Amino acid sequence: MKRLSFIFDDKLGIPLLIALGAAMIMVPVLNLMVPETNFFHVSTFTMSLWGKYLTYAMLAMAVDLVWGYLGILSLGHGVFFGLGGYAMGMYLMRQIGTRGEYGHPILPDFMVFLNWDKLPWFWHGFDMFPFAAVMIVLVPCLLALVFGWLAFKSRVTGVYLSIITQALTYSLMLAFFRNEMGFGGNNGLTDFKDLLGFSLLSDGTKAGLFAVTAGCLILAYLACRYLVSSKLGRVLAAIRDAEDRVRFLGYNVETVKLWVFVFSAGLAGIAGALYVPQVGIINPSEFSPLNSIEIVVWVAVGGRGTLYGAVAGALVVNWAKSYLTGALPDAWLFALGALFIVVTIFLPKGIAGLIRLRKEAA
Amino acid sequence: MIQPLKAFREFWPRDRVFDFLIPEIPPVLDTSHRVILYLEGISVSFDGFKAINDLNLYVDKGELRCIIGPNGAGKTTMMDIITGKTKPDSGIAWFGQTINLLSRTEPEIAEAGIGRKFQKPTVFEAHTVFENLELAMASDKRVVPTLFSSLTGEQKDMIDQTLEIVGLSESFKSRAGSLSHGQKQWLEIGMLLMQKPVLLLVDEPVAGMTRQEMEKTAELLTSLAGNRSIIVVEHDMDFVRSIARKVTVLHQGSILAEGNMDDIQNNPKVREVYLGE
Amino acid sequence: MFTSPKSRFPALLFILAFAMYAAFFEGLPANAAARTFDQGLEKLTQKDFNNKIQGLEQIVQSKDPQVEKLLSALLEGDLYYTQKDKEVVYATKSDGQYTTTGVLSNDVTQQVGSRSIRKIGINNNIRKKLKGWLSLLQLYHGPPRERADAVYRLLGKLSPDMVDSLKDLYEQETSHKVRQALATAIAIDTLKTGNNEAKLSALSQLKGSLHPAVKTGLINLINEKTSEQVQKKATKILQRIESRIAFYGFLETLFFGLSAGSILVLAAIGLAITFGVIGVINMAHGELIMIGAYTTWVIQQLLPHHLGLAICLAVPGAFLVSALSGIVIERSIIRFLYGRPLETLLATFGVSLVLQQAVRSVFSPLNRAVSAPDWMSGSLVLNPILSLTMNRIVIFFFCLFVFGALFLIMKKTSLGLQVRAVSQNRAMARAMGVPASRVDALTFGLGSGIAGVAGVALSQLTNVGPNLGQAYIIDSFMVVVFGGVGNLWGTLLAGLSLGTANKFIEPFSGAVLAKIIVLVFIILFIQKRPQGLFPQKGRAAG
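Residue numbers (this note's numbering), protein chains in the order written: chain A, 1 to 362; chain B, 1 to 277; chain C, 1 to 542.
Honestly, I wouldn't trust all of these hints.
Partial selection, computed: residues in chain C whose CB lies under 10 Å from chain A [unchecked claim]: (1) 144; (2) 227; (3) 332; (4) 333; (5) 336; (6) 340; (7) 341; (8) 346; (9) 348; (10) 350; (11) 357; (12) 474; (13) 526; (14) 528.
Rather than coming from a laboratory, the hints here were simulated on the basis of the structure.
Predicted model, so just to flag it, every value in this text is computed and none were measured.
Each residue gets a CB set at the ideal place from its N, CA and C atoms; glycine is no exception.
Generate the whole structure from the sequences, applying the supplied hints.
If you want it as structure tokens, here you go:
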């Protein structure tokens, strides 16, 4: 019982986990088993949409871990999400095989189009799912390791760090837009056919993807929850509040930052990999600085420094985005902009802060 | 087939390993010559301003040393050098006979046994008093052990003891941010104790304390000396007088005078620069 | 082109060209000339391009006063013929209607629909020929400068008989400029046709000429089997020319680099103030630049016939508009967030989104073009391979001017003094009676105003659109961080050097990769020196 206290101490997290667990089971059931005419039927579109939100929630958690707990405002987490997504996309591309427009057995369509005659070296191995699965985590982690090692060892902090993370995502975006990079340039990777032999067009696969995503989110939540409620989690918050003090207590602040940053990047990579088969495309715009900074606003709205806040923020903001871009297309950027301003000035602790205030008052 | 292998064996015998694979065994603190801290010929300047100028300071094992000096005399910079925050332009700094402070990072120095209390009380405001002490506690502070660590009964007792020493037993559950200024000072001293340091650097421990709290602090510091060496930087002369055995006066980055409180107070140079006469 | 060996009908063309030039320079009897002109016109209306070429050649031979007008109209695509009686007409389009003027009956002007006339189509071959004829025609009249230019355009495209006429022209010519040009043209020909001695003197004539045709001529000469002396001299001259070309190429890259750098400096320097002096990360800085650019566009719409005046008014106008917007942002949002730089980053990012969308809603999401006044268009031609565009030159000096003005404000005025005081020690400055919050607002206004001024400059280089600012914000931050926060000189140096570095890398790697390389360099640099090139001095910086 005591071992699991990290779960049970999380008063607001438990309902969230229960809801996620219920959704993981019920949504696919309501989609597949309940006839379309029934009131309780969940359309495939809605399910995929929420599946996408769940990957965003995972991404938000990754950002919250480094921003809310460790105090590093990363404006470049889209990079890790995107890299995970590209790794998955490369696997899906290789699965197309001869079904592509040009019917080339090995080369993806865009390479045939560019008159390439052989697969670039970094595309090898992506026809095997286990290899791709390793890359999904490994590539973002490696980038985070190198970048973090450079940044943290030389004690780049605060605003400077935020700006160079933004430069990182910006330069990767420019790089991936180039056709010569071998990732499909502007158009990215798309026209996927199947994943592990399941057709991506079938409702069953989509339901399965939703369930897997929800399951991964639950696992990720538990892992993060374990991390932040451990002594290491308290060290993280201590670094956020008084970095020098932690150093003089004998903790190697740089190493702690580095590993948490790498962990967070891996999490973002997995989120990206789950995102790609559900939306059916990955392109360089995932690396745009605006995308990365939007993640930050999800976390800010939900409440940084609380995991359930990050999850809730991602779900609420993205739901609002879908609703607004449909109903009032012009209003979305106004609303997003206003959200940034209002949250930073009036709600520094986000929705979670509001709920906690109310609880404390009661 | 065997031949090249043999040649290789000769070239690279099996009992040999790469240098970088040899684990670095941290030297043990050696104070056999009774001196625990050596600072010799230390100079450091910021953009041409000499904060420390050819400073020589020796602190004995178990000693309680007070360092006084006007603003800008280089007291805080000296502490920065000892704890590894600032690297001097020249000079040497050794902790005991074996540990070179200049080649170590802040956490390594802290692990070696030097604890520091900042001038401005620095505690983790979002954490509870108990958690603050827990974080400071001497333990394996690498990443993975920290992730999986859980408190043993012994460690809990140790925290309880420290809570008692610093008089915060009642408020162990409250957030450190909600403590009064004096209490924060005490909490930070408590954190220092949890680290079990051999050498304590205490920067202005009684700033913002009431007379009563001050007396209590003086009592605590004197009781700690003996087992540990303590360097106290303080402005409050009454406080210094109440604890000092040996006093060092810093002025413009180097030592102006050293001796017991009476000698210092009668030293004409000190009176001129510090006591304002 | 007249002697193009790869032409499909070399022999025919050569004979035709020969005949044509003979006729062209000697002239035909007036009657015959008129007839030739009419025949030529008739052939123009035929479908076959070879017939058209024949017709054109006849027209040129005719020496009719209209030839030049006709050829340029054809080149511009303004030459048509009527469907009904195949009459060749000039036509201009307006509101779906065409106003036509007959070539032969040039007093008859008509309004016709698009069905009743057809454009006379041309292909690339004809286009090339037209250009050649036109420059040849220009040799005979116009100011010396234009005639010299016309000669230079003909370099390397000359046939032997044309060279002869150029020689005649050279004897009669009085202008030094034109003589120079003609001499170059003749010398290039001598390299091909003359004897060794003539070649040597031609080589002396060509020494130091940077025209591409000279280089080609020299290379051909070296590849030919000529005397050793000529070979040697030609090689030497070619080397000299190549090193000069390389040098001017370097100058050109440097100029482009400094120009790109001056734009970076303009965009970043306002940011250097808000970021460096009051510690605010203003992500809406790019949008303040955009507001400046839109202000320029609006002022230009109000004064469509006074482009120069509009630009001059736009500088203070954009400064005021952006500065006021900045002050509003500061008073309504940023002042609640002082001391929390990451929060200012997020809030101002929100502001930038709102401003972008507001511009989209008010001005439409489409890009707007701002026209340049005369003194900012065109370019400064220094020699055949180095010409500097005027707008970039003006912007470079404008950037230095803005920098100087800002520097004076910070160093010499009481506002500057107060700003520096507040940035160094807010509490102390307040205690000394500096109205800190007013200084904050004014500093932010100043930084924003300069962003507006940068917008004026940018509007001269790119189209004005809602995304204008976004493109510059990351680069601007890089410049500020690279130069060292709070250091104006650092910003200037960083901006110019980054711009220059970018342009020097570009030829090797392409524009995108150059940008990535520079970004990666800065990322690494910040990690090596987190305080930038010129760190702030003193203990406070730590």
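For each hint, the structure was consulted:
Hint on residue 144/C is violated. Least Cβ distance to chain A is approximately 49 Å, over the 10 Å limit. Against a cut-off of 10 Å between C-beta atoms, the interface hint on residue 227/C is violated, since the closest Cβ of chain A lies about 48 Å away. Evaluation of the residue 332/C hint against chain A yields a held restraint, the C-beta minimum of about 9 Å falling below 10 Å. At its closest, the beta carbon of residue 333/C sits 6 Å from a beta carbon of chain A; the interface hint therefore holds under the 10 Å criterion.
Interface hint at residue 336/C: satisfied, since its Cβ lies 5 Å from the closest Cβ of chain A, which is below the 10 Å cut-off. Because the beta carbon of residue 340/C sits about 8 Å from the nearest beta carbon in chain A, less than 10 Å, this interface hint is met. A hinted interface residue such as residue 341/C counts as satisfied when its beta carbon comes closer than 10 Å to some beta carbon of chain A; here the least separation is about 5 Å, so the hint holds. Among the interface hints, the one on residue 346/C holds; its C-beta lies about 5 Å from the nearest C-beta in chain A, closer than the 10 Å criterion.
A hinted interface residue such as residue 348/C counts as satisfied when its beta carbon comes closer than 10 Å to some beta carbon of chain A; here the least separation is about 8 Å, so the hint holds. At its closest, the beta carbon of residue 350/C sits 3 Å from a beta carbon of chain A; the interface hint therefore holds under the 10 Å criterion. A hinted interface residue such as residue 357/C counts as satisfied when its beta carbon comes closer than 10 Å to some beta carbon of chain A; here the least separation is about 4 Å, so the hint holds. Hint status for residue 474/C: holds, given a least beta-carbon distance of 5 Å to chain A, under 10 Å.
At a threshold of 10 Å, the smallest CB-CB gap from residue 526/C to chain A is about 6 Å, leaving the interface hint in force. Taking 10 Å as the C-beta cut-off, the interface hint given for residue 528/C holds, the closest approach to chain A being about 6 Å.
In summary, the structure is inconsistent with hints 1, 2 from the numbered list given earlier, while agreeing with the others.
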